[in-house]
Amino acid sequence: MVRKILLVLALLLGTSRGLSAQLTVTGLRNLAFGPVIQGIANSVGPSDPVKSGQFEFVTPIGSTVRIQFTLPTRLNGPSGGRLTIAFGTSDAIALGQGPTSVPVTFNPNTAQTFNIVSSNRIWVFLGGKVTPTATQTTGAYTNTVTLTVTIL
Amino acid sequence: MRHITILSGLLLLPRLLPAQGVLVAPHYVVMDHRTRSGSITLYNPGNDPVEISISTLFGYPITDSTGQYLLYTPESPDSSMPSANGWVEAFPRRMTLNGRERQTVRLLGRPPAGLRDGEYWTRLVVSAKGGQVPVSGISDTSAIQVGLTLEVRSILPVFYRKGTLQTGVSISGIQAHMVGDSLEIRSHLERHGNGAFIGTIRGSLVDSTGHVATTFSSPLAVYFTADPLFRAPLIRPAAGLYQLRLELATERADLSSETILHAPLVRDSAQVRLP
Numbered sequence: 220m221v222r223k224i225l226l227v228l229a230l231l232l233g234t235s236r237g238l239s240a241q242l243t244v245t246g247l248r249n250l251a252f253g254p255v256i257q258g259i260a261n262s263v264g265p266s267d268p269v270k271s272g273q274f275e276f277v278t279p280i281g282s283t284v285r286i287q288f289t290l291p292t293r294l295n296g297p298s299g300g301r302l303t304i305a306f307g308t309s310d311a312i313a314l315g316q317g318p319t320s321v322p323v324t325f326n327p328n329t330a331q332t333f334n335i336v337s338s339n340r341i342w343v344f345l346g347g348k349v350t351p352t353a354t355q356t357t358g359a360y361t362n363t364v365t366l367t368v369t370i371l
Numbered sequence: 388m389r390h391i392t393i394l395s396g397l398l399l400l401p402r403l404l405p406a407q408g409v410l411v412a413p414h415y416v417v418m419d420h421r422t423r424s425g426s427i428t429l430y431n432p433g434n435d436p437v438e439i440s441i442s443t444l445f446g447y448p449i450t451d452s453t454g455q456y457l458l459y460t461p462e463s464p465d466s467s468m469p470s471a472n473g474w475v476e477a478f479p480r481r482m483t484l485n486g487r488e489r490q491t492v493r494l495l496g497r498p499p500a501g502l503r504d505g506e507y508w509t510r511l512v513v514s515a516k517g518g519q520v521p522v523s524g525i526s527d528t529s530a531i532q533v534g535l536t537l538e539v540r541s542i543l544p545v546f547y548r549k550g551t552l553q554t555g556v557s558i559s560g561i562q563a564h565m566v567g568d569s570l571e572i573r574s575h576l577e578r579h580g581n582g583a584f585i586g587t588i589r590g591s592l593v594d595s596t597g598h599v600a601t602t603f604s605s606p607l608a609v610y611f612t613a614d615p616l617f618r619a620p621l622i623r624p625a626a627g628l629y630q631l632r633l634e635l636a637t638e639r640a641d642l643s644s645e646t647i648l649h650a651p652l653v654r655d656s657a658q659v660r661l662p
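Residue numbers (this note's numbering), protein chains in the order written: chain A, 220 to 371; chain B, 388 to 662.
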C-alpha cells in the first residue's frame, strides 16, 4: 500500500514539474435544501455546515485567480416542473486554510479575483434560496452549479 | 410522522461528494516553435470516475474600472491579436478518469505558415463532471426535494513562443490614497516588446526620515496595458509627505524562471501626501 502511494506521488512529481505548479478544483459537497414546503421559501446560508455547497481549489502561492459561478435561475423537476432559485449578494464565502486567513463573503453572481498569498488551499461555500409556489408539483428538483477558476 | 422524521434525519446528513474534480499540472503552459508541442497532466484526486472535456478559447487578463483583473475573451479576435486559438490543439479532448488515475494530454501547435516571431496566446479549459448524485429522499414523491450538483472548470494560460522574444513594461500615472486601513495604489502599466510581462510588483511607502511605513507585493500580468489596484496595509499613518517606491520584476513565486520572459527591473516613485 505504501509503495502504491509512493508510486502515485512519484508519477505526479515526474510529470508535473513539481507539485506546486498545479491547479486543483474540486466539488466537495452539493448544495442541498432538503425537503421544502409548497408556498414557503427556503434558504440555505453559505455558512451552513451541512447544506451549503462546498468547493475547494488549490493553486500555487503567488498566483492570481479569478473565480466565477455559473448559477441556474430555476431547477428542473418532475413533468417539466420548474422551481425558482436565487442567489443573494452574500450567498458565497471564500475561506483560505492558512492560519491567518479570514473568511471573505461575496456575491456569487459576480466574479471575484484573489491573490493567493498565505494559503494555497481555498474553500468556497455557496448558499441560495428556493421559492416554491403554493401549487408546486411535488418531487425532486435539480440543476447544476459550475465553478470556474481562471489563472490570470 | 415517523417516516417524515427518518427522512429529515437522512437529509440532515452531510452530502459529502466523492471529491468530483481534477488536478491540472502545470498551471502555466509554455510551448516552443521548435518542438511545437507541450503537455499537461490531469489527475483525479477522488475515488470515483470523473468525466473530463478539454477545449480552448482566446483570452487574456485585463483590468476593469476598479483595477480588478478579469479575463477578456473577445468572441472573434481580429488578426492583430496574437491568438493561438484554433491552431493549438489538445489530445485527447474527452476522457473519463477513474479514481486516482492520471492522464497526459498532449498539446500540438499547427501554426499558420509564415508565423512572425512573437508570443501567441490561448487558454485551456478543463471541465470536470462527476457522476450525478441523486437528491436524497427522491423516492418520497409526497414532498419537494431540492438539490444542486457541482461541476468545476479550470482555465489556464498557454503561451506559444517563436523566435526572438522581448518584454518590458513602463509605469505612469502613479496615484495613492488612503481607504480605510489601507493605502490604495493605482498606476497605468504598458507592456513593450512582443511577449506578455509576467512578474511581480513590489512597493514601499517611505516617510521623510527614511522609515518604511508599509510594503506590499503582488503578482502582475500585463499582456497589453493594465491599470491594476494594489492595497498595502497602513493603519493611522502620520500626516505628511511620503515617497511611494515601486519596482516591477519578471519574477513570480508560482512560476519557474524558464517559464517567464525576462526583462530589466523597472523602478519608479511618486510623492504621496497623507492627511
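One thing to keep in mind: the hints can contain errors.
Claimed, not checked - To give a feel for the contact side, a few chain B residues facing chain A, derived at Cβ under 8 Å:
(1) Pro448
(2) Pro499
(3) Gly501
Stated by the list, open to error - Covered stretches of chain A (in silico footprint by chain B; criterion: 3 or more residues with CB under 8 Å from a CB of chain B, positions within the stretch not fixed):
(4) 315 to 324
(5) 327 to 339
The hints are simulated quantities; they were obtained by calculation from the structure and are not laboratory data.
Quick reminder that beta carbons are idealized off the backbone N, C-alpha and C, glycines included.
So, going through the hints one by one against the coordinates:
| no. | hint | in the structure |
| --- | --- | --- |
| 1 | Pro448 | holds (4 Å) |
| 2 | Pro499 | violated (27 Å) |
| 3 | Gly501 | violated (31 Å) |
| 4 | 315 to 324 | violated (count 0) |
| 5 | 327 to 339 | holds (count 4) |
Comparing the model with each earlier hint shows violations of hints 2, 3, 4; every other hint is respected.
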